[in-house]
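Asker: The chain contents come next:
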Amino acid sequence: KQEVTQIPAALSVPEGENLVLNCSFTDSAIYNLQWFRQDPGKGLTSLLLIQSSQREQTSGRLNASLDKSSGRSTLYIAASQPGDSATYLCAVRAGGTSYGKLTFGQGTILTVHP
Amino acid sequence: NAGVTQTPKFQVLKTGQSMTLQCAQDMNHNSMYWYRQDPGMGLRLIYYSASEGTTDKGEVPNGYNVSRLNKREFSLRLESAAPSQTSVYFCASRTQYTNTEAFFGQGTRLTVV
Numbered sequence: 004k005q006e007v008t009q010i011p012a013a014l015s016v017p018e019g020e021n022l023v024l025n026c027s028f029t030d031s032a033i034y035n036l037q038w039f040r041q042d043p044g045k046g047l048t049s050l051l052l053i054q055s056s057q058r059e060q061t062s063g064r065l066n067a068s069l070d071k072s073s074g075r076s077t078l079y080i081a082a083s084q085p086g087d088s089a090t091y092l093c094a095v096r097a098g099g100t101s102y103g104k105l106t107f108g109q110g111t112i113l114t115v116h117p
Numbered sequence: 019n020a021g022v023t024q025t026p027k028f029q030v031l032k033t034g035q036s037m038t039l040q041c042a043q044d045m046n047h048n049s050m051y052w053y054r055q056d057p058g059m060g061l062r063l064i065y066y067s068a069s070e071g072t073t074d075k076g077e078v079p080n081g082y083n084v085s086r087l088n089k090r091e092f093s094l095r096l097e098s099a100a101p102s103q104t105s106v107y108f109c110a111s112r113t114q115y116t117n118t119e120a121f122f123g124q125g126t127r128l129t130v131v
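Heads up: the sequence lines are chains A and B, in that order. Each residue of the first sequence is one higher than the one before, counting from 4 in the working numbering. Each residue of the second sequence is one higher than the one before, counting from 19 in the working numbering.
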């Protein structure tokens, strides 16, 4: 059974700092990995989708890397801003006939203070 | 472009009452999903529909039923609500192609008293 773990569970940083969020998964047979952002009381917003054949994906100040063989992904946020404060979730999509089911980590709660 | 729309946004039920959570997507996606989110448990898959006319159980299906009404709509029904079903429910959709991203609705916050 696929298990996804995110470390740390919570992170508080001053504005402007670069930071890294970690995600690990137990079964390397994945199609892709998706990073989401969730604001309090809101839905999930997709940030980055990284395919199993890719090593990294970038969008603005965000960079996600994937090391499928070791079962790890990182989300790098450059020059953090208070508006980045949210919960960040990673989810993996299993291979085979899983019809796109995602297995989620429990998230990292990020607080960026001015 | 509305994406994935869930109704209602909030609901309070008494134990034993029934209700249906509605989900609709306007992206012509084949696959749709229902997840629940609980503190300390993350998001867990309840049911999914790979395509119109098919539904399958996910990780935590007990106490729920689903209907894939058409390609756009996928509803989740609680026949006899229990306090353990207090949660935030999310609907998601994606295309049938292998490596595409999933899109989520804004969630339904359900409290069963």
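Worth flagging that the hints you see were computed from the coordinates, not collected in a lab. One should not assume that every hint holds.
Not the full set, but computed from the structure, chain B residues with beta-carbon under 8 Å of chain A [said to hold, decoys possible]:
| # | residue |
| --- | --- |
| 1 | Ala20 |
| 2 | Phe28 |
| 3 | Ala42 |
| 4 | Ser49 |
| 5 | Leu61 |
| 6 | Leu63 |
| 7 | Lys89 |
| 8 | Ser93 |
| 9 | Gly125 |
| 10 | Thr129 |
Treat the numbers as computed from the prediction; the structure is a model and nothing was measured. From the three backbone atoms N, C-alpha and C, an ideal C-beta is built for every residue, glycine too.
Asker: Does each hint hold? Answer for all of them.
Answerer: Against the structure, the hints come out as follows:
| no. | hint | in the structure |
| --- | --- | --- |
| 1 | Ala20 | violated, 12 Å |
| 2 | Phe28 | violated, 10 Å |
| 3 | Ala42 | violated, 14 Å |
| 4 | Ser49 | holds, 5 Å |
| 5 | Leu61 | holds, 4 Å |
| 6 | Leu63 | holds, 6 Å |
| 7 | Lys89 | violated, 15 Å |
| 8 | Ser93 | violated, 18 Å |
| 9 | Gly125 | holds, 5 Å |
| 10 | Thr129 | violated, 14 Å |
In summary, the structure is inconsistent with hints 1, 2, 3, 7, 8, 10 from the numbered list given earlier, while agreeing with the others.
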